[in-house]
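Undergrad: Here is how the chains run, residue by residue.
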Amino acid sequence: MSQGLIGKKIGMTSICTEEGKVIPVTVIQAGPCTVVQKKEDEKDGYTALQLGYGTIKKEHKVPNPMKGHFKKHNLPCFKTLSEFRFPESTDYEIGASVDVSLFEEGDSVLVTGKSKGRGFTGVLKRWNMSGGPASHGSRAYRIPGAQGQCADPARVFKGKRGPGRYGNKKTTIQNLEVIRVLADKNLILVKGSVPGPRKGLLIIRKK
Amino acid sequence: MDSQILRDLDNEYKRDDLPEFKTGDTIEVGFKIREGDKVRVQKFRGLCISKKKGPLGGTFTVRKISFSVGVEKTIPLYSPLIDSIKVIRRGKVRKSKLYYLRQLQGKKARVKELRDWEQQAAPSSSSPETKPEEKSL
Numbered sequence: 001m002s003q004g005l006i007g008k009k010i011g012m013t014s015i016c017t018e019e020g021k022v023i024p025v026t027v028i029q030a031g032p033c034t035v036v037q038k039k040e041d042e043k044d045g046y047t048a049l050q051l052g053y054g055t056i057k058k059e060h061k062v063p064n065p066m067k068g069h070f071k072k073h074n075l076p077c078f079k080t081l082s083e084f085r086f087p088e089s090t091d092y093e094i095g096a097s098v099d100v101s102l103f104e105e106g107d108s109v110l111v112t113g114k115s116k117g118r119g120f121t122g123v124l125k126r127w128n129m130s131g132g133p134a135s136h137g138s139r140a141y142r143i144p145g146a147q148g149q150c151a152d153p154a155r156v157f158k159g160k161r162g163p164g165r166y167g168n169k170k171t172t173i174q175n176l177e178v179i180r181v182l183a184d185k186n187l188i189l190v191k192g193s194v195p196g197p198r199k200g201l202l203i204i205r206k207k
Numbered sequence: 001m002d003s004q005i006l007r008d009l010d011n012e013y014k015r016d017d018l019p020e021f022k023t024g025d026t027i028e029v030g031f032k033i034r035e036g037d038k039v040r041v042q043k044f045r046g047l048c049i050s051k052k053k054g055p056l057g058g059t060f061t062v063r064k065i066s067f068s069v070g071v072e073k074t075i076p077l078y079s080p081l082i083d084s085i086k087v088i089r090r091g092k093v094r095k096s097k098l099y100y101l102r103q104l105q106g107k108k109a110r111v112k113e114l115r116d117w118e119q120q121a122a123p124s125s126s127s128p129e130t131k132p133e134e135k136s137l
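Protein chains in written order, with the working numbering: chain A, 1 to 207; chain B, 1 to 137.
One chain only, chain A, in its complex shape:
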């Protein structure tokens, strides 16, 4: 994990370059995040910053151990915590704010989020299988086909692709180009799509 931020997906739109080229972008509201904890070499065996994002208003709903973790440094309670390995992590104090100025135009970023849950799904959608013929009385329109061999091995191998729950899993999209950074609005515009629904939580990391 290199340096990064926690954010929220706003939605997709298109922007236009001066040459008239249209670029599809995802708008992400990233940060500002607060440094909650510093992991240090002597104590933890590695260096990292623990960042918090999104304050919780109903503090009585926060478990006491978590509350103590925040109140140790008189910080508000955060909804999300995540660790990032900043190369210059010693420069940051606990309680310091990290914002989108971290990113620059042209940067390559990794975006992690939870993909949209699609529920119980057949193999055509879940594994891009071909299915059977649509006509000539086949009746095998959307079935997965053969599961394997016969009397030997007399079982279906583990990991055989079949229907089941699809989506709602942690997904990372790599090498997305940062098209624009709007520091005053805490927005970054990333080329292409990112996992998850609108308002979904995202972790944006620098490559």
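Treat the hints as calculated values from the structure; they're not laboratory data.
You may find that some hints are simply not true.
[As the list claims (entries may be wrong)] Part of the chain B face toward chain A, derived, beta carbon under 10 Å:
1) Met1
2) Glu12
3) Asp17
4) Leu18
5) Gly36
6) Ser50
7) Pro55
8) Lys64
9) Phe67
10) Val69
11) Val71
12) Ser79
13) Gly91
14) Tyr100
15) Leu104
Glycine included, every Cβ here is placed at the ideal spot set by N, Cα and C.
Chain A is already provided as a structure; the job is to place chain B on it using the hints.
TA: This is chain B only, laid out in the frame that chain A set:
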């Protein structure tokens, strides 16, 4: 809130200098074309057969018959490549997408002119400084 952020981003590209036009209108679009260092304007005159909503003011499609071959151009309304848009003729159409014209040729592929449109509420097209485009989103 979130949709407002997207709208604000889109409004950065908004152009007020273009006249209002509808599907069925014959328009002349001046395209900026870059050749090396020089930029020249190419006129593309044809029938607007579709207008779609979306980011960058949505897109519109202009169709014309060039040397008996149908040619269509689809571009975003707020594209910086558009130098100017001039409305030549207002058409009387009953559909918002005139894709049926692609199947037709010659006299059948015509659109009736909307009579007396200059007297109607529609803004005049000839002058470039017409009233600003209505909200497209």
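Undergrad: Does the CB of Met1 (chain B) sit less than 10 Å away from some CB of chain A?
TA: holds (9 Å)
Undergrad: Was the hint right that Val71 (chain B) lines chain A, CB cutoff 10 Å?
TA: violated (19 Å)
Undergrad: Given Gly36 (chain B) as an interface hint, is its Cβ closer than 10 Å to any Cβ of chain A?
TA: Violated: closest Cβ of chain A sits about 14 Å from Gly36 (chain B), beyond 10 Å.
Undergrad: Have a go at the Ser79 (chain B) hint: is there a Cβ in chain A nearer than 10 Å to its own Cβ?
TA: holds (5 Å)
Undergrad: Mind checking the CB of Pro55 (chain B) against every CB in chain A and telling me if the closest is under 10 Å?
TA: holds (4 Å)
Undergrad: Could you check if Ser50 (chain B) really has its C-beta closer than 10 Å to a C-beta on chain A?
TA: Hint violated; Ser50 (chain B) Cβ to chain A Cβ min 17 Å, cut 10 Å.
Undergrad: Taking 10 Å as the limit, does the beta-carbon of Leu18 (chain B) come near enough to a beta-carbon in chain A?
TA: With Cβ-Cβ at 14 Å, over 10 Å, it is violated.
Undergrad: Under 10 Å is the threshold here; is the Cβ of Phe67 (chain B) close enough to any Cβ of chain A for the hint to stand?
TA: violated (26 Å)
Undergrad: Verify the interface restraint on Lys64 (chain B): the C-beta must sit less than 10 Å from at least one C-beta of chain A.
TA: Since the shortest Cβ distance to chain A is 20 Å, the answer is violated.
Undergrad: Would the hint on Asp17 (chain B) be counted as holding, given a Cβ-Cβ threshold of 10 Å to chain A?
TA: Violated, because the Cβ-Cβ distance from Asp17 (chain B) to chain A comes to roughly 16 Å (cut-off 10 Å).
Undergrad: Interface hint check: Gly91 (chain B), Cβ to nearest Cβ on chain A, cutoff 10 Å. Holds or violated?
TA: violated (27 Å)
Undergrad: Under 10 Å, Cβ to Cβ, is where Leu104 (chain B) needs to be relative to chain A, so tell me if that hint holds or is violated.
TA: violated (30 Å)
Checked against the numbered hints above, the structure breaks hints 3, 4, 5, 6, 8, 9, 10, 11, 13, 14, 15 and satisfies the rest.
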